[in-house]
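Asker: Produce the complete structure using the sequences and hints provided.
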Amino acid sequence: MSWILRLYPRDWRQRYGHEVATLVAAERPSFRLYADLLAGAIDARLNPQWTPIQPTMEGDDTMNAIRSLCAVPEFSKAEQLRSAAWMIGASAILTLLGVGLDALESQSVISRAVLYSAFPAALTFSLRNTYLSVLEPAKRRIVLGVGTIGMFLFMLAVVYFASIAP
Amino acid sequence: MAKKEEMDLEAFGRFAEPALLILISLADGPKHGYAITSDIAQVAGFRPGPGTLYGAISRLESRGLIVPLASEERRVPYQLTALGEKALRARLAAITAVAEAGRRRLARA
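In order, the protein sequence lines correspond to chains F and X. In this text, residue positions in the first sequence follow the numbering used here: the first is 76, and each later residue adds one. In this text, residue positions in the second sequence follow the numbering used here: the first is 166, and each later residue adds one.
The set of hints was computed from the structure by calculation and includes no laboratory data. Don't take each hint at face value.
To give a feel for the contact side, a few chain X residues facing chain F, derived at Cβ under 10 Å [as the list claims (entries may be wrong)]:
1. Gly178
2. Phe180
3. Tyr199
4. Thr202
5. Pro215
6. Gly216
7. Tyr219
8. Gly220
9. Ile222
10. Ser227
11. Arg268
12. Leu271
Here the structure is a predicted model, which is why all the values come from computation and not from measurement. The C-beta atom is built at its ideal place from N, Cα and C for all residues, glycine as well.
Answerer: This is the structure we're talking about:
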């Protein structure tokens, strides 16, 4: 059962993982339980809420509330600028590549796939300085590589099947 | 002073109801996850799954409506904060107002 907890973000697991594992151990395995944990993992990735503060009762409730609110993950100005630079740069390069390929062979499947995947691929690359920065360099490269190549192959398949469709 | 939206449980989306039930459960004292689930089962008649429970707990904690206490073995009890109590009172007042309006209209029908 612990494998499903690995679907949650690492920070989330560090904060709530052992509590959830204790709760899960007391439940009878069922489809409803797996579906609930899967939905929770998707939510934790899409809407990170955890606060990396240690359990404490020092200070009053107002101070604890302020500390919790201040602990929401944020990115520095430099990280945001680097992310924006990757987004704009990668978008521009991939768009130019797509236009170049289109000039060589108008409306080819490859040039259209490159153009369609330019923005999502650039968006993926922009995450290297923000949300993906928590990953180890090797893992980050794998995620970026698989993400962008997968995106391109998906677009290629879509454009190809659209082109042969009657 | 807390912003209104930080106390608004409606902003929790599908976690609004579990979050309200957690606040109600903690209103009579700190509880850990399993005790909260059991309490909700008694009060509301259903057991929220661990994914739903901790999705709501993380939201409540990040907004300062509940706070974790020192852990007991692997269990972390949570306590309602003053802000959480205020949010709970506001939500219950809103629910009561809606229920009263419903009762009045049914009485007239």
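Asker: Confirm or reject each hint.
Answerer: Hint check results:
no., hint, result
1, Gly178, "9 Å, holds"
2, Phe180, "8 Å, holds"
3, Tyr199, "6 Å, holds"
4, Thr202, "7 Å, holds"
5, Pro215, "4 Å, holds"
6, Gly216, "2 Å, holds"
7, Tyr219, "5 Å, holds"
8, Gly220, "5 Å, holds"
9, Ile222, "7 Å, holds"
10, Ser227, "5 Å, holds"
11, Arg268, "34 Å, violated"
12, Leu271, "35 Å, violated"
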